[in-house]
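Protein chains: 2
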Amino acid sequence: MSKIITISRQYASGGSAIGKSVAKLLGLPYFDKTIIDVTAKESGFDPKYIERAEQTTTTSFLYNLAINGLYTQPLTDQLFAAESRVIKSLAEKGPCVIVGRCADYVLAEHYECFNVFVHSTDEFRINRIVEHDGLTPQEAADLIKQKDKARRRHYKYYTERNWGDSQNYDLCINTASCGIERSAEIIALLASE
Amino acid sequence: MSKIITISRQYASGGSAIGKSVAKLLGLPYFDKTIIDVTAKESGFDPKYIERAEQTTTTSFLYNLAINGLYTQPLTDQLFAAESRVIKSLAEKGPCVIVGRCADYVLAEHYECFNVFVHSTDEFRINRIVEHDGLTPQEAADLIKQKDKARRRHYKYYTERNWGDSQNYDLCINTASCGIERSAEIIALLASE
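Going down the list, the sequences are from chains C and G.
Note that the numbering used here has the first sequence beginning at 1, numbered continuously upward.
Note that the numbering used here has the second sequence beginning at 1, numbered continuously upward.
Hints are not guaranteed to be accurate.
Claimed, not checked - Calculated from the model, a selection of chain C residues having no Cβ within reach of chain G, i.e. all distances over 10 Å:
no.: 1; residue: Lys20
no.: 2; residue: Tyr30
no.: 3; residue: Ile129
Claimed, not checked - Rough simulated footprint, nothing fancy, chain C against chain G, three-plus residues with beta-carbon under 8 Å:
no.: 4; stretch: 107 to 120
no.: 5; stretch: 163 to 169
no.: 6; stretch: 176 to 183
Since the hints were made in silico from the structure, they are not lab data.
Beta carbons: idealized from backbone N, C-alpha and C, even for Gly.
Bound-form chain C, shown alone (with noise of 0.2 Å):
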């Protein structure tokens, strides 16, 4: 009986590509953006919003007084808590594969998952993003240096936790090392044990 998979990823390390190996091996549903879908269909947020705000953690004061009044959670909080209770809706369905949204930290309490970290070297996820969208080497590691910048203040700010620290996950693999199939296959077969 496998585990519910989480898979947390550094921008461009392969770790959508893993989890959807991971999926498909074991034979499991895949999650990653149809969780801001079907968030955005339970609680009335405009999918377009939701994939801008998910990766800030803060909007300005001003903003959410004008949109929200002085006494609600800002607009990115309630997302997060939308998506939360997406996540564990999910995972209340059984063993899947879910990639990014602190799912990890989400379902800590009451789930019995397999938590992953999938890094990489700068180069590996320059290289990919270069052949993959055509970016330049330049444009690409900018990039890179800004989506982890985000994701990590996002995870912190939502988890307290530290993003990558090796000792919130079962397994953290650098992509660059052990390649893409490779990593999926074991993490496939950590997770059935």
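Based on the hints, put chain G in the right spot on chain C.
Same frame as chain C, now just chain G:
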């Protein structure tokens, strides 16, 4: 052809057992305390002093002054330099498994390594200590805290990196969820590809 495998580990997480098992699986030499002895022979340190000093980063200024005079390195720094020379000379001879001693950092520039961090839950580690060393659970918990603190400080002092930050390793593995033997098999597989 296997790489040089370095293993850093939380106290009582099973890192040494994994190192021995990986060495056996791949037919490679295994080094841990042995390095202390070789270092001691090469540098003229007393092995007992080395064992005590290597888990600390600083000895008192006055003590160093009395032993070494004003313009020499502290003893712990001399020891680290001597150990680093030994680690490099072992690496020169070819693939091997080295547990502890900041070997990942020492070899980073000139050798192709597969760097592993082994960690676990407190519960798993306490149980191992109680079973193997006959301490009470409370004594084991205190020992874990003390040893981890020393290792973290030692690693930070000499490498300026954070001990257990996944970014510094090819693989970080939690023995409570992955098991000691299975961890060894996976490391052996990945490091020999």
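Here is how each hint holds up against the structure:
no.	hint	result
1	Lys20	holds (21 Å)
2	Tyr30	holds (21 Å)
3	Ile129	holds (18 Å)
4	107 to 120	holds (count 3)
5	163 to 169	holds (count 5)
6	176 to 183	holds (count 4)
In this structure, none of the earlier numbered hints is contradicted; all agree with it.
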